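Engineer: Listed here are the chains, written in short residue letters.
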Amino acid sequence: MANVLEVKELSKQYSKVLAANKVSFEIGEGEIFALIGPNGAGKTTTIRMISTLLTPTSGDAIVAGHSISKEPEKVRECITYLPDEAGAYKQMTGIKYLRFMAGLFVTDIEDINKCVERAKNICGLGDRLNDKIGSYSRGMIRKLLLARAVMTRPKLAILDEPTSGLDVLNAIEIRKMIKKLAAEEGMSFLLSSHNMLEIEFVSDRVGIISKGHLMVTGRTDELKERYNAPNLEDVFERVVKENEVH
Amino acid sequence: MKFINLLKKELSELINKQMILSLVFMLAIFFIMGNVMKSATSEIVEEASSNKLSICNMDDSDFTKDMLEYFKSNGSKIDLITADEGDLASAFNNKSKLKSYVVIPKGFGEAVEKGEKPEVLSVSKVKGAAALSNMSSGPEGTLASITLYVSQKLAEQQGITSDQLKTIESPLTITEHTVVADKSAQISMSSIVSKIMMQNMLLPIVVMVLIMMTSQSLIASISNEKIDKTLETLLSTPVSRGSVITAKMLAAAIVALLNAAVMMIGFTSYTKGMMSSMTADMTSSITDSATESVNSLLSTGDALKQLGLQLGACDYLLVGIQLFITIMICLALSIILGALVNDSKSAQTMILPIVMLVMIPWMVTMFTDVSSLPTAAKAVIYAIPFTHTFTAMPNLMFGNTSVFWLGLGYQFVIFIVVMFFALKLFTSDKILTISLNLGQKSRFKKSSKTNED
Ligand SMILES: Nc1ncnc2c1ncn2[C@@H]1O[C@H](COP(=O)(O)OP(=O)(O)OP(=O)(O)O)[C@@H](O)[C@H]1O
Ligand SMILES: [Mg+2]
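Protein chains in written order, with our numbering: chain Y, 1 to 246; chain A, 247 to 699.
In case anyone wonders, no lab produced these hints; they're calculated from the structure.
All values derive from a computational prediction rather than experimental measurement.
There's no promise every hint is true.
Said to hold, decoys possible - FRET-style restraints, in silico, Cβ to Cβ: (1) Y:Asn121 with A:Ile567: 51 to 59 Å; (2) Y:Glu77 with A:Leu652: 43 to 51 Å; (3) Y:Lys180 with A:Met247: 54 to 62 Å; (4) Y:Glu117 with A:Ser674: 18 to 26 Å; (5) A:Ile606 with Y:Glu9: 46 to 54 Å; (6) Y:Glu117 with A:Ser486: 25 to 33 Å; (7) A:Val270 with Y:Asn130: 22 to 30 Å; (8) A:Leu273 with Y:Arg153: 43 to 51 Å; (9) Y:Ser135 with A:Ala623: 22 to 30 Å.
Claimed, not checked - Here are a few chain A residues that face chain Y, going by a calculated C-beta distance under 10 Å: (10) Ile250; (11) Glu471; (12) Thr614; (13) Asp675.
As the list claims (entries may be wrong) - Cut-off 27 Å, straight-line C-alpha distance, at most; resulting in silico cross-link-like pairs (DSS-like, lysine-lysine): (14) Y:Lys90 with A:Lys591; (15) A:Lys363 with A:Lys341; (16) Y:Lys120 with A:Lys343.
Glycine included, each C-beta is placed from N, C-alpha and C at the ideal position.
Chain A with its partners taken away, still in its complex shape (with noise of 0.2 Å):
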């Protein structure tokens, strides 16, 4: 009873106003954020997919014409540019909407009757410094057609049929294969690569969010009860010091657990917009193979399966336990690092040895492999209890599961030697007394001098 009247009080504390409010702002940032991917992307995706070619001609020859008849027997649309002669980006200012062009000068097709090496201007225009606005399948689907209509007329002249030429153009037959761990599948490394890191990317970045707002918010709980000697009152009061320190715990667990349902939801309706623009990528990179291509991304999740990447509910339990250890860390860490502040202004810079806890890991782990670090690296690195949660995803993927269980027992072992000083702290009178702030030591130095004095 007692408890819930403590607990009602924390939630009260931290479920405020302003923390819904920026909730909901979150959630709409990354619902903006997916919604204009998508829509950015499934321009690329359209553009891609028309089989458009733009073409500036400015040579009149037969060849020409009959090539682009060609081209629109084949089903192709053909947007005529006109550019001004000597200006190439005149057509950009004709149309707003086009991207890239190819330009035929005059005399193309006369250099391919004489069996020359004919040339042609590709021109592509920057739009801006984002990575989408430059993503487009570019002049290279232009470029292609024309090359292959070119390389045939030449095979006639020649005499070859144009199964030849294909053989001769392509005479290898590869199948990709991936091999993770002792498994393998038919499927090329990048599209699994790709795959994995959307995957890893999610969970520590929740994880980091997750971490730093669960501490401040407990930091800054703790600190201004002492600073507002609201916490001399209420431990003066019947109540345990166990049982104010669950309180305090307990609010900032499921406020985290909150949070972490938001920016869940949150971050899913995000990726969604970034994997289909990873789509666009790859179709229009592979034009000629767009529809092969396309295929073996739709079948990357069975290829995961195969190679035994895909997590089942048991690993993803096994993941939600090392997070929600990882918060009791934190979160018992942030008791302690509370209980050290004596002035609002400490308060602010108290989160920092956390954020240094989690950032170090989280940027190792993200760019290079732990194991593979020098032998003194790596001990420092397997240290900082937070590495393991980083870990832990992919030890689950790449079946390295005694390595997961050492982090995670390690990690335990660290939450009971945080907590137990966090309970001592707050069982014994050092709660009131320990302080790391030198100027507050000085001033009680100065007091016992004025009263020798």
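Isolated chain Y, as found in the complex (with noise of 0.2 Å):
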């Protein structure tokens, strides 16, 4: 299976605080990957590097086989990034953004017009659609920001904390919607989340970040077994914990 996305030995120090540290990864075709770790542990910083949005300090990723330190143009025609807690322009209809952002994807009209069919049906919005933005609550801005995020079938799709603002049922739609595009369309994943157990339902592999340190990836039955603990949770606790030992 070949590599969407290889990091390797990714580093982001800001002005005072070293958030990445030597992180590497892979991320096979059609996987789903999530990084999870505590509040601060770098999961925002790794993901913005990876979406070309942050330089990083050392270290290089490639995804799709293009480097985004040297060609963070090609990178972004591969991914699709939506930010933590990110909002959409308030004053434009559900229906004009998604046409907008499509828009900045690809420029055939007809081409355009397919992403936004397909957005329609994953983001189940229905007539809500031909209203402002502005009036949406915080979960539906979610569900459409998700939709335009795969509705361009891009190699990656990186969503950071994607369920966060979305109710238990909503939550479980989108994992399964996740789950769906990867098995059936081939899409890659790389998702970041706190909440253990949608993490251990919707993944593939798992790899757990602490302080700026990858400190284990793998399948999650494999982790567990290696842990030897009941759930994702536990695992997670323990690493971290033997982390602080240290």
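Each chain sits in its own coordinate frame; assemble them with the hints.
Structural biologist: Next comes the structure, spelled out in structure tokens:
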């Protein structure tokens, strides 16, 4: 299986904080990989570097054969990025927003229409898409943004805490959608989350990150076995604790 | 294609119902103001030209009767006022439109006949605090007529002819000349100065409002995108950073142009009202030579041309270019300021640096000539790029072309430098990490501390 993403010793030094310290992992085609870690661990920082928004202090990542530091424009054609707690243009209607975003990825009118059609089906907002985004609830905005992140069929969709702000039912729906897209269309996903239950259900492999260090990566069942833990939450606790002992 | 998509989005964000409403509102205000001015001033003009004498006659001598008859036969309308004894205000109660009148007291005619200096009372009423409400010809017209009549009578008594009297009263023939640079014209300086002031007031106000509105909208646009994280989304899509920034600037510039056009239209209609008020002021203040002064005013345009103060099409083009560069500087600055914002509170105050940079030179150039300031102050003022926008018009008018070009060149250099930094900000990750907000920084510190715990 070819790797869609290869992260090689990626580091990011903010003025005072070393937010990511030699993070390395890879994601295969059609794979769902989740970064889990406590608040301030460096998940968002790592994700933003891979999305070409932050320049790494050292290291590199290869997305579909393109280096994020040398060919960021090429990388942007292969990915979509959904920021944590993102909003959308409030004065636009949902449908207009989708058209606008699609127009940034493809230029052909027919392709744009196809993307928008797809997003319409995925987001499940129905007629509310004709309303201004300013009138949407947080969950509705999240669903709209998720739909737009996958409508262009990127090779790699990068979703920072995709289900934050969604109720249980909607979160389940989103998880199912992610799994389906990965299985049926071969899209790869890089997620971050706090919700272990969700991660256990949705992801093929996880990476546990703490204080900028990627401690372990592996399949969920593998990790559970290795740490002799009943669930991912315990694995997480043990890994983070172990790290603090050092 | 992608760029047009971006531009359309930026434009639709800027041109909304609110913006159109405020434009219409602004136009309406200008038109209303202009019309109010016009009607207020036309009343004054009418009054000044009507030749109406408001007199309260308390003298029943033949001399006074003859004088009033003489006024009537000379085409003046006499408005006889009645006032209660010892109560000058009562006359205004009887006649609401009355603004001033002259009282001829008992014994007036007798005094003249005896060759004494007779007394008259000039009564005027303050109507309100507004400039125009008190602007009227006052009792001067009436007083002048009475003075003329009495001095003629006195002259007759002394055996002086009326021609001799005229010579004695104004023995000098004065022609006023005004010099600008190396040219001169036969016109009074005051009428030239007021005309120039009118012209030079318009542009700075338009520039001020334009800069404020344009920078505010661009700062808000960028800071909102930062706060909503739509900027992160936008920058992770396959569009060049350059086109994101250009689309934002172009949209803001287009809206600025729209605003400028509306303001120019509004202002011209407003200043037309102002101009006619000025004409009225002059005719009323020099009642005797009223016609003369109107004539000289009508020829102000020619005099301006003769003095080289009239701007030609080429000059206006240069002013336009200067205005364009000014707007570009303020757009580039706004991009940087908008990028510094991290929360909606600081977005409000981010325009302050631009306000300062515009207000200071505006004030300074309004009240004084920059080149006459002490060297240090001059250097500071000239270093502010917007100063050269305010001095552009006078520089072109007074023929300081080299100063104008220096200013324009300086502004261009500033624009390149600021734009360079703005682009650098956008193409690096600084746009997302930079922050002037101390509260935000301390939050980072706190969270990193809790990590270490
Ligand atoms: N712009 C910035 N400037 C300075 N430090 C930053 C900046 N952004 C993040 N940091 C710091 O980098 C570290 C990692 O932050 P990051 O946002 O990547 O964490 P996270 O894992 O996404 O946390 P959370 O689960 O809360 O989202 C934190 O200590 C944070 O304070
Ligand atoms: Mg995060």
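Engineer: All hints, please: hold or fail.
Structural biologist: Hints, verified against the model:
{"no.": "1", "hint": "Y:Asn121 with A:Ile567: 51 to 59 Å", "verdict": "holds, 53 Å"}
{"no.": "2", "hint": "Y:Glu77 with A:Leu652: 43 to 51 Å", "verdict": "holds, 47 Å"}
{"no.": "3", "hint": "Y:Lys180 with A:Met247: 54 to 62 Å", "verdict": "violated, 32 Å"}
{"no.": "4", "hint": "Y:Glu117 with A:Ser674: 18 to 26 Å", "verdict": "violated, 37 Å"}
{"no.": "5", "hint": "A:Ile606 with Y:Glu9: 46 to 54 Å", "verdict": "holds, 52 Å"}
{"no.": "6", "hint": "Y:Glu117 with A:Ser486: 25 to 33 Å", "verdict": "holds, 27 Å"}
{"no.": "7", "hint": "A:Val270 with Y:Asn130: 22 to 30 Å", "verdict": "holds, 28 Å"}
{"no.": "8", "hint": "A:Leu273 with Y:Arg153: 43 to 51 Å", "verdict": "holds, 49 Å"}
{"no.": "9", "hint": "Y:Ser135 with A:Ala623: 22 to 30 Å", "verdict": "violated, 54 Å"}
{"no.": "10", "hint": "Ile250", "verdict": "holds, 9 Å"}
{"no.": "11", "hint": "Glu471", "verdict": "holds, 8 Å"}
{"no.": "12", "hint": "Thr614", "verdict": "violated, 45 Å"}
{"no.": "13", "hint": "Asp675", "verdict": "holds, 4 Å"}
{"no.": "14", "hint": "Y:Lys90 with A:Lys591", "verdict": "holds, 18 Å"}
{"no.": "15", "hint": "A:Lys363 with A:Lys341", "verdict": "violated, 30 Å"}
{"no.": "16", "hint": "Y:Lys120 with A:Lys343", "verdict": "violated, 72 Å"}
When each numbered hint is compared with the structure, violations occur for hints 3, 4, 9, 12, 15 and 16.
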